[in-house]
Amino acid sequence: MLKMTHLSKAYRTEVVETYALRDFSIHVREGEFVAVTGPSGSGKTTFLTIAGLLEEFSGGEYQLDGANVRGLNDNQRSRLRNEKIGFIFQAFNLISDLNVQDNIDVPLRYRGFNGAERRRRIQESLERVGLSARMRHYPAELSGGQQQRVAIARALAGTPRLLLADEPTGNLDTQMARGVMELIEELHRDGATIVMVTHDPELAVRAQREVHIVDGQVVDLGAQPRLVDRAQLHL
Amino acid sequence: MFNYYFRLALRSLRRNVVLTVLMVAVIGAGIGASMTVLTIYRAMDGDPIPQKSDRLFVPQIDNWGPDMEERPANSDGLPEQLSYTDASALIAAHTGRQTAMYSTVSALTPPNPQLLPFTVHVRATYADFFAMFQVPFKYGGPWNTTDDHSHSAVAVITRELNDKVFGGVNSVGRTLRLGGDDYRVSGVLDDWKPTPRFFDLADNRFGKTEDVLLPFTRAIDKQMTVWGNDFCNGDVGTGWAGYLRSNCVWIQFWVELPNASEVASYRAFLNSYAAEQRRNGRFHWAPRTQLRNERQWLSYEQVVPPPVHVMAIVSFSFLFVCLVNAMGLMLAKMLGRAADIGVRRALGATRRAILAQCLIEAGVIGIAGGLVGLLLTGLGLIGVRSLFTQQFIDLAHLDLSDLGICMLLAVVSAIIAGLYPTWRATQMQPALQLKAQ
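Residue numbers (numbering that gives the first Met the number 0), protein chains in the order written: chain G, 0 to 234; chain S, 0 to 436.
Just to be clear, a hint being listed does not mean it is correct.
[What the hints assert, rightly or not] Distance windows between CB atoms, simulated:
# : chain 1 : residue 1 : chain 2 : residue 2 : range
1 : S       : L334      : G       : R208      : 37 to 43 Å
2 : S       : V323      : G       : D214      : 55 to 61 Å
3 : S       : L399      : G       : Q122      : 28 to 34 Å
4 : S       : R294      : G       : G70       : 43 to 49 Å
5 : G       : R118      : S       : G382      : 33 to 39 Å
6 : G       : N72       : S       : V411      : 27 to 33 Å
7 : S       : F317      : G       : E116      : 46 to 52 Å
8 : G       : S131      : S       : V17       : 20 to 26 Å
9 : S       : G382      : G       : A115      : 41 to 47 Å
Calculated directly from the structure, the hints in this document are not laboratory data. Note that CB positions come from ideal geometry on N, CA and C, so glycine has one too.
With these hints in hand, go ahead and build the complete structure from the sequences.
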């Protein structure tokens, strides 16, 4: 599903060249739930933005669902992003002057679905996250956990091939975070391919495997599936 | 997607009302100022008879020569009007549609004895005047060429005069007492106010048509004095006969030439006529003539005064300044929405989609600005009407085409002002915006 090979990302100024990712390789198979961890500044977010086609890379190769993305123009990247990828951001990133229904509608509009199809998908995704009754509410009228669930519904509405989550519980309290993680795990059990960036080791263990990044490089690949004792977790 | 972007634009504008009001006000002010001047400019610069402007011509003949001290202030120094001698010669020589005319005044004695006599403005002209200039009639019609040849006592009156003297009824066949003589009314004009008054730009360019029109030949017989502009050089002679024989120019002359061949033929005729005058000893200089069509004549006569040109430049410069301000405000608005744009890009919006959304929002601002501009234009024209003479009062009004131009100008201006902010919005890197969250 997601395959990066010897990928690099450099930020260049007149004075200095900084590598956010260097000789970075990762392979996420369909249906996997992978946690990407690492200290601050390790390159986790850069990896996620490149994986989400939000940023171009300097070197190496990146294949998304079998398609080589190097050389795609901006329109092609936007289209691929819209069709294949669902984003779950730490800050939810809902559009404040749109209600829940219109927020979920945004990617569907760009996809070109007709009105009936869009309504069906919005209804299904809200039912999936348990917020059908909040369709007309605005983000300011929702709790943090509810906002993140709406963001997840928005990510799911287009039936993406890949879900990218960047610290999905970072802005939530413990209880809300638990609810969101349970939803993400449920999505994985239903077959979703999920890559979750997190700095929280307790969240990372809930994934199938963990990829640890330090200074822009993978330093540890968790090859063995994890057996998780949920009672030992704080969540 | 247009409806979607339109609804998004309305929501966005509601989000920051103060900024929206500022943008709309700035565009409205620029539109109001420029449209006020443009409305007057268009009225002055308009072609009142576009369907025939390439077929109606004004001949000019240099009957003064290069030695005259005072020359017309035109670009080529040719007299704008003809002398009686030249006008009569042209009338006699040409068989197509043509008219010589001049403005005069007379005293009208109404048939109703309860009404006192009053002065009316009169245009002495030929029958072809009405067909050449497509003058509309409410009742009856013009006199005919036989009446011209017979110097008949017939007249055409305006609707206003008909209302005043005859109570608005069909007065064809009734008698009009003018300057002590009786004239038979052959027709009553419908509303006709060409702007400018192209057929006589020497006097009252934006005024209304004379109250009475009667045969030129009759007016000459009755020695009806010239009320418009006349220009004389040298000895004028004595009395009416002397005046007619003089080189004074006071007659407006128009000829209708339906095709290029006729135009070329008439030009050659004018030159040969002037050459003949030289051979006869009337002219002592090389023949100099000119033949201009209606559009060329309006340009030659500089119907739009230079100060109005300056006003137009100033007002559109003000519009430019307003647009620059609007651009700054739109840029601030777009940059303030960087996060939203980043999210939309992350969700799959292409640069073109962002471009469309932003330009439609600019267009909505333009529509609102145009409505404000219309209001300010109306106020501006009211101001013009209160400050200037009657002729400008008649020019200072908005018609449907002006309304359309106002709204189109506002929308196009707002979109132009929005181009740079929109471009900046499309260049935003979604990754940077999302990381900043």
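> Which earlier hints turn out false for this structure, listed by number in ascending order?
Replying inline: 2, 3, 4, 5, 8 and 9
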